[in-house]
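2 protein chains.
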Amino acid sequence: MERHFDNELQNLKEKLVEMAEIVEEMIKLAVEGLKERKKELLQKVFDNEKDVNLRQIENDDLALKLIALHQPAASDLRLLVTAIKISSDLERIADQAVNISERGMDLLDEPPLKPLIDIPRMAEIAQAMVKDAIDAFVNGNSDLAHEVCKRDDMVDDLNDQIFRELLTYMMQDTKNVPRALKLLLVARHLERIADHATNIGEEVYYIVKGKDIRHHIE
Amino acid sequence: MERHFDNELQNLKEKLVEMAEIVEEMIKLAVEGLKERKKELLQKVFDNEKDVNLRQIENDDLALKLIALHQPAASDLRLLVTAIKISSDLERIADQAVNISERGMDLLDEPPLKPLIDIPRMAEIAQAMVKDAIDAFVNGNSDLAHEVCKRDDMVDDLNDQIFRELLTYMMQDTKNVPRALKLLLVARHLERIADHATNIGEEVYYIVKGKDIRHHIE
Chain A
141 MERHFDNELQ NLKEKLVEMA EIVEEMIKLA VEGLKERKKE LLQKVFDNEK DVNLRQIEND
201 DLALKLIALH QPAASDLRLL VTAIKISSDL ERIADQAVNI SERGMDLLDE PPLKPLIDIP
261 RMAEIAQAMV KDAIDAFVNG NSDLAHEVCK RDDMVDDLND QIFRELLTYM MQDTKNVPRA
321 LKLLLVARHL ERIADHATNI GEEVYYIVKG KDIRHHIE
Chain B
141 MERHFDNELQ NLKEKLVEMA EIVEEMIKLA VEGLKERKKE LLQKVFDNEK DVNLRQIEND
201 DLALKLIALH QPAASDLRLL VTAIKISSDL ERIADQAVNI SERGMDLLDE PPLKPLIDIP
261 RMAEIAQAMV KDAIDAFVNG NSDLAHEVCK RDDMVDDLND QIFRELLTYM MQDTKNVPRA
321 LKLLLVARHL ERIADHATNI GEEVYYIVKG KDIRHHIE
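Chains as they are written, first to last, in the working numbering: chain A, 141 to 358; chain B, 141 to 358.
Heads up, some of the hints might be wrong.
Given that identical chains are not distinguished, each listed pair holds provided it fits within a single copy or across any two copies.
To be verified - As a list, the in silico BS3-like pairs of lysine-lysine whose alpha-carbon atoms are at most 27 Å apart:
hint, residue 1, residue 2
1, K175, K225
2, K322, K155
3, K271, K290
4, K155, K271
5, K190, K153
6, K190, K349
7, K190, K290
8, K155, K225
9, K175, K190
10, K290, K225
11, K190, K178
12, K290, K168
13, K322, K205
14, K155, K315
15, K271, K168
16, K225, K254
No wet-lab data here; the hints were simulated from the structure.
Turn these sequences into a full structure, and let the hints guide you.
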């Protein structure tokens, strides 16, 4: 019975890793499609959304089944509830990648406002945060979880910098406004992705260390 | 034992209602403070944030304790996991109210761009969605849950309308840009609040009807 539970738990963790890999790829495709102005990359993000949605439902069901069948001890129970929360965060990250792709599609109709440098950098950091947050969960690595949370500040700083730069474009010439606004929304979507990764990091830190850093992370 | 579980479950539901009431009040204060340009209302939103954060942790712990002690049947188990998800959504709604208050504070330093009509209307709808989503959970009312989800479209339409209107202000005169951008972010924050309420509605519909509308709501 114990052995069986451990196998099932391992299975759930692997499913979360798979789901995270798809979601990371969606972020990458969305921002690459935006930067390189390639419709086919943006389209792939939309194609992946349904898969992620189905996986969330499957992972939820699997975690609930494990709780109901094995009536796990407090620490395993918290782990399983965290898996459900992580699955929900991953699904919402996928939604943000879809939003970025939509903005990318809109921008294909217009000439580029500027070469994109900071947005791809922000995307790389956010994507790595998602990866590391899931790694931290799977390996029970509280240091990595804490480190993910700290990287959120870098993303916020980049977001402020992008905001200020785009504001100058808008102030320069009103005809820049619609394009600058779309890029500004992309930066917001990336910021939200980093927020979700941070939520995962905080949860993982809590289940490993038993200490809540959700609302007083230093 | 059964009776005890029912009482504890009722207690958890009441705690979620209390938490939701604080969160609804935060939305109201933030948008009223923004509209009426009253710093003391905006400040109250910040004061409430810590309380909501603590309540999330308490509600999580209570739900986990109930699962661990009573090893509930599948349907009650799903109810308890949903309670944990709802608590997390409410906490994120409170974060959005704080974001609105921050924008409100920024805007106090500048003359008003325009009288605010659509933003307060959007806030009212979003606030009612939160209230009704929680009511639907407490009373197991799938019709109300479904109805909450459908109202999300109204919020999205209002958001588009606000976006287009603010865009005209920005295109008219570049010196309108910074204020219009802040109002645009407020509308986004309200849209996210409505999204969280919709998430709750979808979860509630699922636990009552056993049918998933999370990814194909009509």
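Consistency of the hints with the structure:
Taking the shortest alpha-carbon separations for K175 and K225, neither the intra-copy value of 31 Å nor the inter-copy value of 35 Å comes in at or below 27 Å. In this homomeric assembly, K322 and K155 never come within 27 Å of each other (Cα to Cα): the closest approach is 34 Å inside a single copy and 40 Å across copies. In the homo-oligomer, the alpha carbons of K271 and K290 lie at most 27 Å apart inside one protomer (15 Å), although the nearest pairing across protomers, at 34 Å, exceeds that limit. When the C-alpha separation of K155 and K271 is checked against a cutoff of 27 Å, the pair qualifies only within one copy, where the shortest distance is 14 Å, while the shortest distance between copies is 35 Å.
For the homomeric pair K190 and K153, the shortest alpha-carbon distance inside one copy (20 Å) is at most 27 Å, but the shortest distance between copies (32 Å) is not. Taking CA atoms no more than 27 Å apart as the test, K190 paired with K349 passes between copies only; the shortest distance there is 22 Å, against 35 Å inside one copy. For a Cα distance limit of 27 Å, the shortest separation of K190 from K290 across copies, 20 Å, qualifies, whereas the shortest one inside one copy, 31 Å, does not. Proximity of K155 to K225 under the C-alpha cut-off of 27 Å is found in both arrangements, the shortest distances being 14 Å within a copy and 20 Å between copies.
Taking the shortest Cα distances, K175 and K190 sit within 27 Å of each other inside one copy (24 Å), while across copies they are farther apart (40 Å). In the homo-oligomer, the alpha carbons of K290 and K225 lie at most 27 Å apart both inside one protomer (20 Å) and across protomers (24 Å), since each shortest distance falls under that limit. Proximity of K190 and K178 under a CA criterion of 27 Å is satisfied intra-copy only: 21 Å inside one chain copy versus 44 Å between copies. Taking identical chains as interchangeable, the C-alpha atoms of K290 and K168 lie at most 27 Å apart only when both belong to the same chain, with a minimum of 22 Å there against 32 Å between chains.
Proximity of K322 to K205 under the C-alpha cut-off of 27 Å is found in neither arrangement, the shortest distances being 42 Å within a copy and 45 Å between copies. In the homo-oligomer, the alpha carbons of K155 and K315 never lie at most 27 Å apart, since the shortest distance is 46 Å inside one protomer and 51 Å across protomers. In the homo-oligomer, the alpha carbons of K271 and K168 lie at most 27 Å apart inside one protomer (12 Å), although the nearest pairing across protomers, at 37 Å, exceeds that limit. In the homo-oligomer, the alpha carbons of K225 and K254 never lie at most 27 Å apart, since the shortest distance is 38 Å inside one protomer and 41 Å across protomers.
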